[in-house]
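Top line first, the protein sequences correspond to chains A and B. Residue numbers for the first sequence, in the numbering used here: 1 to 262. Residue numbers for the second sequence, in the numbering used here: 1 to 262.
Be careful, since some hints might not be right.
To be verified - Computed beta-carbon distance windows for the label pairs:
1) B:Q134 - A:T126: 16 to 22 Å
2) B:F232 - A:Y49: 30 to 36 Å
3) B:K145 - A:G28: 52 to 58 Å
In short, the hints are calculated from the structure, not lab data. Built from N, CA and C at the ideal position, the CB exists for glycine as well.
There are 2 protein chains.
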Amino acid sequence: MPSQPEITLYWLESTRCIRILWLLNELGLDYTIVPYDKKGSVMAPKELYQHHPLGKAPILELKYDDERGNITLVESGHIINYMLKWFDLEKKFIPVTEEGERSMDYFLHFAEGTMQPPLTYQFYLTRLIPESKQLPESFRENYAKYQEYIDEVYTFPKLEEYSLYLEKLLREQKEKNGGAEKVYFVEDKLTGADLALGFEAATSLFGNPLYRHITDPKRVPLLASWVKYAVFDRPAYKEAVEAEKSIVDGGFKVLKIDQHGH
Amino acid sequence: MPSQPEITLYWLESTRCIRILWLLNELGLDYTIVPYDKKGSVMAPKELYQHHPLGKAPILELKYDDERGNITLVESGHIINYMLKWFDLEKKFIPVTEEGERSMDYFLHFAEGTMQPPLTYQFYLTRLIPESKQLPESFRENYAKYQEYIDEVYTFPKLEEYSLYLEKLLREQKEKNGGAEKVYFVEDKLTGADLALGFEAATSLFGNPLYRHITDPKRVPLLASWVKYAVFDRPAYKEAVEAEKSIVDGGFKVLKIDQHGH
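Can you make the complete structure from the sequences, with help from the hints?
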């Protein structure tokens, strides 16, 4: 591999950062995590704006020592695309067929464009709760019923539909791959598609008790199984979770991850 | 150009379909529009499920007469990517530099991943209004105040931030391009980035009176100007708007667009 640029991940708790940590670990890259704390707020802290004009994590900075100079990447799907293109030289996580390439690009867009909106709606609905000074107390008292209403007419039906859709896709993959025990969303290996879906499907959907009736392994056996072998049980994912834990436990100090030094 | 596949756009009113119609017109392709009517509902009609398992428009179907067979594309960003790759052989809308390519991929993800969420939140907030049988009348009476609260703490600040960000990017493009009168988001021509942003920035943001204070040309002069020359005034965009109008006025009949026949 040609000389690696200096890689810095500007990390923020409870965001899509786990996806990028996981990716960097799968690629075996060295990197520095500069962590930020939400300090109880829904919104990202002002300090992140010094690294990118939108101030939202994950922000991945690459310092090349050639004419490329410094490159700052944002948007998870785009980061996955870029990093695989430049650092997965053996095509371990890149599809090898034309159809596979198209399929991976689809899933990168599907993750944010379709799967994420109901999750985002639910996230803000439980966090942007009106203050009593702006709305009468009676409104606030009924707010929980309103949340239930939105879950019933929008969040739950959509997430149920998407999880059954993913289950169906995995079933088709199983048939295509001669009944293989472990199947992935594109071709026959973990690709950028799984790395992108890992956040929505594994972390947000399966990781949230609110959606337990949707993620019941009896309803979506292949997806429930995929969440384990393709995400939670991957050593690179486990290391990402450990890194996040040590950031929070260690009081949000800068962390250097050296994949080759240990 | 090699023989074109048969192209069918499954179209639904008030969706991102205008983006794909515009794209097909820019590429000078012939296509058939099979339109669907929401019939007053927020959700897409069941009939769309026969064309794709998620039943959401835009759905673009390509029938090749070679080994590729039928390809069904969904997710706007992915559709733009695919169509430019295979049908923009002269690279009229594709960046020519490495940096430009990276930048276009970023904007394709930014459009749905960052710009769209507050617009989607606002869209559902004004459409998923609880029924009186599920929540007390007093809650419904105060719902408008709640909408104002969400606008104040989330929708407006985010959309303001994003429009100022886009303005800043256009200013940088202007400087890079020697003060050119017309600038675009990537390199010096209309690319997939503008085609992707056209929906959020032009249709959803500038097209909605609710956001008039955010889209004031005094605040975002370059963006307001871009919305005109890069979107609304493009002949290909105007033809897309006309096609949509004739679908609705004509009672949702199938429409064949023959770019070479007239």
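Comparing the hints with the structure gives:
{"no.": "1", "hint": "B:Q134 - A:T126: 16 to 22 Å", "result": "18 Å, holds"}
{"no.": "2", "hint": "B:F232 - A:Y49: 30 to 36 Å", "result": "32 Å, holds"}
{"no.": "3", "hint": "B:K145 - A:G28: 52 to 58 Å", "result": "53 Å, holds"}
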